[in-house]
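Colleague: Mind docking chain B on chain A? Use the hints.
Listed in order, the protein sequences are those of chains A and B. Its first residue numbered 1, the first sequence is counted upward by one per residue in the UniProt record's numbering. Its first residue numbered 1, the second sequence is counted upward by one per residue in the UniProt record's numbering.
Derived by calculation from the structure, the hints in this document are not laboratory data. A hint or two may mislead.
Below, computed lysine-lysine pairings styled on DSBU-like, alpha-carbon distance capped at 30 Å [stated by the list, open to error]: (1) A/Lys639 with B/Lys346; (2) A/Lys150 with A/Lys639; (3) B/Lys135 with B/Lys159; (4) B/Lys72 with B/Lys647; (5) B/Lys135 with B/Lys346; (6) A/Lys657 with B/Lys647; (7) A/Lys657 with B/Lys258; (8) A/Lys461 with B/Lys718; (9) A/Lys276 with B/Lys639; (10) B/Lys255 with A/Lys657.
Number of protein chains: 2
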Amino acid sequence: MATATEANAQGYNLQVDYVVQYSFGHLDQSQAIEQLEKLLQTLTEVGLQTEVRQGDESSLLVFVRASKKQLKRAVYRSRVRDWLYGIRNTEPEPADAIDLATETEADRLRVISHLITLPVQEGGAGITPQHGEWKNVTAVFPLHDEETNKRWMREWSQKTFLSEEELDQIRNKFGESVGFYFAFLQSYFRFLIFPAAFGFGCWFLLGGFSIVYTVVNSLWCIIFVEYWKRQEVDLSCRWQTKGVSAVQTRRRQFKPEKEIQDESTGETRGVFPATKRMQRQLLQIPFALLAATALGVIIATCFAIEIFISELYNGPFKTYLVFIPTILVSALVPTMSAVLVSIATKLNNYENHETSDAYDVALTQKVFVINFMTSYLPVFLTAFVYVPFASRIVPYLDVFHLTVRPFVSKEASTTKRSHFQIDPARLRNQVVYFTVTAQIVGFAMETIVPYIKQHAFREYKAFNKKRQNKTEHNGDKESPERVPAVVYDDPPEEAQFLKRVRNEVDLSEYEVTEDLREMCIQFGYLALFSPVWPLVPVSFFANNWIELRSDFFKICNEFRRPTPLRTDTIGPWLDTLGFLSWTGSITSAALVYMFSGNAQHGPNGEPTDIKGWALLLSIFFSEHIYLAVQHVVQIAMTKLEPPNARKERSERYLMRKRYFESTLSAQNDADQTEESPSESLGLSRKALEEDARQSSLHETDPAERFWMRQHGWAESAKVGAGIIQARPTSTGKKEQ
Amino acid sequence: MATATEANAQGYNLQVDYVVQYSFGHLDQSQAIEQLEKLLQTLTEVGLQTEVRQGDESSLLVFVRASKKQLKRAVYRSRVRDWLYGIRNTEPEPADAIDLATETEADRLRVISHLITLPVQEGGAGITPQHGEWKNVTAVFPLHDEETNKRWMREWSQKTFLSEEELDQIRNKFGESVGFYFAFLQSYFRFLIFPAAFGFGCWFLLGGFSIVYTVVNSLWCIIFVEYWKRQEVDLSCRWQTKGVSAVQTRRRQFKPEKEIQDESTGETRGVFPATKRMQRQLLQIPFALLAATALGVIIATCFAIEIFISELYNGPFKTYLVFIPTILVSALVPTMSAVLVSIATKLNNYENHETSDAYDVALTQKVFVINFMTSYLPVFLTAFVYVPFASRIVPYLDVFHLTVRPFVSKEASTTKRSHFQIDPARLRNQVVYFTVTAQIVGFAMETIVPYIKQHAFREYKAFNKKRQNKTEHNGDKESPERVPAVVYDDPPEEAQFLKRVRNEVDLSEYEVTEDLREMCIQFGYLALFSPVWPLVPVSFFANNWIELRSDFFKICNEFRRPTPLRTDTIGPWLDTLGFLSWTGSITSAALVYMFSGNAQHGPNGEPTDIKGWALLLSIFFSEHIYLAVQHVVQIAMTKLEPPNARKERSERYLMRKRYFESTLSAQNDADQTEESPSESLGLSRKALEEDARQSSLHETDPAERFWMRQHGWAESAKVGAGIIQARPTSTGKKEQ
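Here chain A stands alone, though its shape is the one from the complex (with noise of 0.2 Å):
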């Protein structure tokens, strides 16, 4: 923790705690000047201190930074929250008492961000950005931590897995969010090193298709992902925000429908009725099945035109043609996906969902059924379409004929065609393809071509200064064309400091479901097709060594800082990670059966040899005992309790056997006052005489009469033992 602490945090960026960005290109002066003081008269209420600084041309920087007394103060009452919310088990000490060098810097920057965006009646300003009455208050955002961040990433460049601490550390620096991610990416990464041993064992040794490998390698899923859940649970006790989901903060565009007043809270709320909103979600099944036949037909139709080209057309400029596809693909299913995003991003508004967290989740699965298409359909093609019906398909793509007559000679088609036959490896080629080209160009898209946009985008911002700069020293100083914002006249100590965050305002913001999706896809190939190469592990392994340092380079390079953000699970991703390792099961198991019999030279699967019940009845008994497997292994983790959970179990039951004690002592304090300290047969005795007194006012009550016949257990005991003695032992034992 100690990296982290307030102290150290001293250390850079001047104390800056966030950095607001205020825009005033699109308003007058005057309008732009009220603004500006409400904004920084409404900063200040909630106790924070401001710096302006000028931005770039159009906008100025305001620095806030949280004074002592007031951060205290909000750190304490977030945490009565927690510990009302259960989160935390223990009632927190007083604001005064509160030591800020303990706190995190992500908690620390989480509860200053509250300070700035909760609402006024929650306790904080009600700022939020580019929304409403602060739309021009166009960022909000912390300042990264340069040093740490570049020590970290030549740190990490050394080593193969992160410890435990240093993924504290990330946790630490940029809140559970992102904590949790690099906790998946780590475990994820980890838990491959077994299925790379093996499956490159297997490819040695068995080639593809091994039903070997497949058994474990779905075993493996099955371990995997409840591991995980069961990880899941350890951080969130390790980082204390298990059950946080419990504090949810509305989303602003929620439209409640009718506003009612609740009996028992007594306040009035919007509500939205959950039926009308489930009639809305039904949108989704369309919406599936429209994404599905949309990106269904792109692909498939590409994949034909492909089939043609490359095995059946052997016209004039078949070099150059093999491309079209391709180019067909990567230019139409991009834009297809775009435009589906899009759709379901108005669909998830429509549904009007009054969490941010519900919002995303729904949003998360809406994207998904698109990923799948984009990612998995090729290969399913192939696998169950192209290789055992090919034959039978492809004398249907002359229609393509028609489009290339002109050039191609009639016989030279019909030749090539009439001894047709499938390419075995096809298949293969296009899970390596997958499995290692897209990582490489993926890794390619998303880390050093941003790099390098950004870098040009910077030069050029500098270039336009310089001439800038030019024109104004020709033209008149005083003309009203002149561009003052270009000289920015920061105190030489501060420029510095002032271009770094002029760069980072720049920067785009950081969301790390895009990774996420990014790993749960990978990891879909693997439980889906890796059958058919073992050597996907292999290659995985390899990808995810660097993926975990480019993800953080990115988020420290080519993303502002992101504001910290609890949460104690990966959310969505968890069941997306379940569901493909169940369909995993079955799509194994079919690949094993049709084309295990012919491995080393690749799948030549025809109909014929492939018997329909036979394929059905593996994927039958695959899939049950998937699903079997995966039960006992599920109970078998709930037994195992993660360490953290353990100690945070122990904690809650100290704290109630504390409270529970001083209940009980407090109890015989008041005993001991209120009676004779007599042992507690004379206590019963008293209550007893009580009693009598009592029943002599109704004398009449049989229960009364029932209950006066003996005084006290000794009396009892007496009469007891007179019946026990009436009758000797040997008849008692006679009568058992």
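Modeller: Chain B only, in chain A's frame:
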């Protein structure tokens, strides 16, 4: 609630809360008396009033009543525990303030039973019947409330459904575990209306094996199971038992492997490693196999014999021989099950579970395997072995000929066999048997027979007494053979009451899980086989109307009144329901596919006209559609919050709100005192000046210099305004 308040409880049973049966038959007098004194003293020490009466020949009845004071204290203690475990939302008021009249009778009895049974360190008397030092305490139980029971029986016999209040009453009398059973039975019964009506319609219009019915049926199963899950949440909120499973009592039979010192709680507790238990649990797999084979063999054999005799054999004595298989089944199956159950129990003990809940769950699972085999295997055999494959298998039944060779003339049998053809009605008849006949038989066996036996037993006892009286009158009064226990010297006004108590002592203990099992098995027939004969739900609907009453009758007259147990679920049976309805999605698909062709004249499927792939495909689809729909329904259910859950949540919320506001206001007061009542602006300026002073100490600190440039928001605003004014908005617009 009113009917169950302590006030009314006054009315009956002479205010006896619990009866403790103390058997001294096997002890010699001195021991017996000593033990008795110990017992009475222990009871008195926890503040319970005692009265001793004569039991039967070799036992005493110790009547126990809790003094108001002690009761209040016990109630308070249990409430505090609940509160700490998050079962109650509100901190309980001090003991003296408790109004016992608001406590339900069940709660009252539960608290008192805790007083008697809880270990001493938890404030109980630590009396564990039939265990350790208390092994001659043979029973601890409350007494039935006869009038109320009778009244309810009368009332319910007139109406179809029990109202929510009546369920509450059951719960108030018998505790939540019984309450949950009746609530379940009730909602199951109510839910049966629809399939009963629909099934009747289908049976009338479409006959058996109609796809429509099958689809609707499994949809209904899904909805019912999910609805009940939701209902459980609702009830547990309504009855304030939500999360009650958190408070778990340790099993006394639990054998810890080693004592470990919990580093955080600091107390030593016996533990048993989960991994070791899991290894032991692996024995379940061989056990399941054993059970399956053992029962499978028996049932299959009898089945084969039956077919042989009824359809192949035509020698002499046929009329008598046909009963052989039935006799065999009803002789062997129960015996075998009994054996297996005992094995299961041994296994379960060997698994050495820590809490009694865990123990019950584990046992239930094991027993369910046995139940599954005995209940459903016969139908499975008919549906999926006999009908499709009879013509192939039957010839092999020749083996039996050897046994009957002496009687049967060869040619006769052969001729018969040659034109053998299966009995199409068999499947339906079997289903009818299991869903109608078996139900009625079951009802008789569990309710009527025991009732008769019980009365016979009492008659016998009375007769015995008379006989002994005679011998006594003849014999010498002072002789040691004198049998005084026979003439109960009860006070006349108590005689009637004591007679009843002595009867109740002789009754056995009630196990709610037995009744739950029965219902789940019944539900299984509905889910698995009802497509064969759509009238199944009708039969169950009728049956359950009786079931609900007869079960209540059973509890009241054939069992001791159960000690109230708290629970928030029907436990493992919930999973069983889910499992059965899932399996149903497979079986019904198979049934429909195989037999839908020949509905009217019953199935006579031949393996030839059943396509393996088509069968499997239909199963595959039906199962996955089922799972998808289930998923959707589950989500939908989670969205619709049950009313009581909402209430409970808003209570929690209120509690939090109150606390939160109090702390905040406290804080603000603190501010008022410690600072001049200036608006927060001044406050922050003050803070700034403090900072200033601090910084003056280390003026060199760049951060401080950065933050000292502008004092307060006003100055920042001025600077900002300067920058804004510096550039004419026109250019600002341009820059956009």
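Colleague: Please go over all the hints and tell whether each is borne out by the structure.
Modeller: Going down the list of hints, with the structure as the test:
For the hint linking A/Lys639 to B/Lys346, the alpha-carbon distance of about 21 Å falls within 30 Å, and the restraint holds. About 41 Å separates the Cα atoms of A/Lys150 and A/Lys639, which puts this hinted pair outside 30 Å; it is violated. Note on B/Lys135 and B/Lys159: the hinted pairing is violated, with a Cα-Cα distance of about 45 Å set against a maximum of 30 Å. Proposed proximity of B/Lys72 and B/Lys647 is supported: the alpha carbons are some 27 Å apart, at most 30 Å.
Between B/Lys135 and B/Lys346 the CA atoms are separated by roughly 21 Å; this keeps the pair inside 30 Å, and the hint holds. At roughly 29 Å between alpha-carbon atoms, A/Lys657 and B/Lys647 fall within 30 Å of each other, so this suggested pair holds. The hinted pair formed by A/Lys657 and B/Lys258 meets the criterion: a straight-line CA distance of about 23 Å does not exceed 30 Å. A hinted pair counts as satisfied when its Cα atoms are at most 30 Å apart, and A/Lys461 with B/Lys718 qualifies at roughly 28 Å.
Distance restraint check for A/Lys276 and B/Lys639: the Cα-Cα separation of roughly 11 Å lies within the 30 Å cut-off, and the hinted pair is therefore satisfied. For the given pair, B/Lys255 sits about 24 Å from A/Lys657 by alpha-carbon distance, which is consistent with the 30 Å threshold.
Violated hints for the displayed structure, listed by number in ascending order: 2, 3.
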